[in-house]
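Q: With the working numbering as the guide, the letters of the sequence shown map in order to residues 1 to 198.
Quick caveat, the hints were computed from the structure, so don't treat them as lab data.
Treat each hint with caution, since some may be false.
[What the hints assert, rightly or not] Calculated cross-link-like contacts (lysine to any residue; reagent style SDA-like; alpha-carbon spacing at most 20 Å): (1) Lys181 x Thr191; (2) Lys43 x Tyr162; (3) Lys43 x Arg84; (4) Lys161 x Asp124; (5) Lys161 x Arg95; (6) Lys42 x Gly63; (7) Lys43 x His67; (8) Lys161 x Gly132; (9) Lys43 x Phe11.
[Claimed, not checked] Label pairs and their computed distance ranges (CB to CB): (10) Leu116 x Pro198: 31 to 41 Å; (11) Leu135 x Gly115: 27 to 37 Å; (12) His67 x Glu45: 14 to 24 Å; (13) Asp73 x Val123: 13 to 23 Å; (14) Asn139 x Lys161: 12 to 22 Å; (15) Gln171 x His67: 25 to 35 Å; (16) Gln175 x Ala125: 39 to 49 Å; (17) Leu182 x Asn122: 18 to 28 Å; (18) Gly115 x Glu168: 44 to 54 Å; (19) Ser44 x Lys161: 17 to 27 Å; (20) Gly20 x Asn137: 33 to 43 Å; (21) Pro69 x Ala125: 31 to 41 Å; (22) Glu168 x Pro64: 13 to 23 Å; (23) Pro69 x Glu176: 16 to 26 Å.
All residues carry an ideal CB built from backbone N, CA and C; glycine is no exception.
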Amino acid sequence: MSTTDTRNLRFNISLVGVGGQGILLTSDIIAMAAMHAGYQVKKSEIHGMSQRGGSVISQVRFGPKVHSPIIPDGQSDVLVSFERTEALRWAHLARPGAKIIVNNMDRIPVSVSSGLQPAAQNVDARLAAYPGLILLNANPLARQAGNLRTANIVVMGALSKYVPFEEEHWQAAMQERIPAKLLDVNLRAFTLGRTAIP
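Full structure from sequences and hints, please.
A: Printed below as a string of structure tokens:
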């Protein structure tokens with residue numbers, strides 16, 4: 001997608017999931033890619049009750065001018081969820097017609113298993129009600145890339161088809177944020193996620 005198409009627009013991405021799924025790394029790379037593409041960027045994050053296992057939300061906003069890192073409810077252009085039930089929990093963040101990219105797996109956060117939040121019900125039917133839903137089998141693609149822990153990068157590769165950055169912006173951001181010894185497997189994961197979207 002050409003960066004000139006949306007140069008004057010503000011773009012909002014919300015990423016949700018469970019601690020330990022690489023959400024914060026993913027949002028860092030998105031923010032860096034946006035900067036490489038010439039946008040002003042703001043990013044925020046909210047950690048759940050524990051660093052690993054609690055709900056995590058990170059939001060990235062970019063555009064010619066961005067004043068606040070917080071995306072109001074119902075204004076995310078893309079909602080990215082690293083597992084299915086968190087997609088339902090945070091679906092109110094997405095604007096009408098938004099793309100909702102979901103890793104097709106279930107990982108119950110500590111807040112649910114401890115009884116602080118209710119478990120999601122009728123997950124399949126409720127997800128299917130969103131016209132912008134994209135269910136992505138990221139875990140098998142991550143294994144194909146060579147490391148299951150790159151599932152977040154597979155998801156980010158899918159996201160890359162819906163934001164106005166060129167592929168070299170993503171590659172530059174990954175080179176800056178990912179250790180050199182892990183870069184190749186992550187680049188493969190990114191490509192597999194990107195090519196999974198027609």
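Q: Next, verify each hint and record whether it holds.
A: Here is how each hint holds up against the structure:
1. Lys181 x Thr191: Satisfied, since the Cα-Cα distance of roughly 18 Å is no more than 20 Å.
2. Lys43 x Tyr162: Answer holds: Lys43 to Tyr162 is near 18 Å, not above 20 Å.
3. Lys43 x Arg84: It is violated: about 23 Å lies between the C-alpha atoms, which goes past 20 Å.
4. Lys161 x Asp124: 24 Å, violated
5. Lys161 x Arg95: Answer holds: Lys161 to Arg95 is near 18 Å, not above 20 Å.
6. Lys42 x Gly63: 9 Å, holds
7. Lys43 x His67: 11 Å, holds
8. Lys161 x Gly132: 14 Å, holds
9. Lys43 x Phe11: Distance of about 12 Å is within 20 Å: holds.
10. Leu116 x Pro198: 31 to 41 Å: 40 Å, holds
11. Leu135 x Gly115: 27 to 37 Å: Holds - the Cβ-Cβ distance for Leu135 and Gly115, about 28 Å, lies within 27 to 37 Å.
12. His67 x Glu45: 14 to 24 Å: 18 Å, holds
13. Asp73 x Val123: 13 to 23 Å: 21 Å, holds
14. Asn139 x Lys161: 12 to 22 Å: Between Asn139 and Lys161, where Cβ atoms are some 19 Å apart, the hint holds.
15. Gln171 x His67: 25 to 35 Å: 29 Å Cβ-Cβ, so the 25 to 35 Å window holds.
16. Gln175 x Ala125: 39 to 49 Å: With a Cβ separation near 42 Å, Gln175 and Ala125 satisfy 39 to 49 Å, so the hint holds.
17. Leu182 x Asn122: 18 to 28 Å: This hint is violated: roughly 38 Å between Cβ atoms.
18. Gly115 x Glu168: 44 to 54 Å: For Glu168 against Gly115, whose Cβ atoms are near 47 Å apart, the range 44 to 54 Å holds.
19. Ser44 x Lys161: 17 to 27 Å: About 24 Å separates the Cβ atoms of Ser44 and Lys161, which means 17 to 27 Å holds.
20. Gly20 x Asn137: 33 to 43 Å: Violated, since Gly20 and Asn137 (Cβ atoms, about 20 Å apart) do not stay within the stated range.
21. Pro69 x Ala125: 31 to 41 Å: With Cβ atoms ~34 Å apart, the hint holds.
22. Glu168 x Pro64: 13 to 23 Å: The hint (13 to 23 Å, Cβ to Cβ) holds, given that Glu168 and Pro64 are roughly 21 Å apart.
23. Pro69 x Glu176: 16 to 26 Å: Hint holds: Cβ distance 20 Å, inside 16 to 26 Å.
In this structure, the earlier hints numbered 3, 4, 17, 20 are contradicted, and the remaining ones agree with it.
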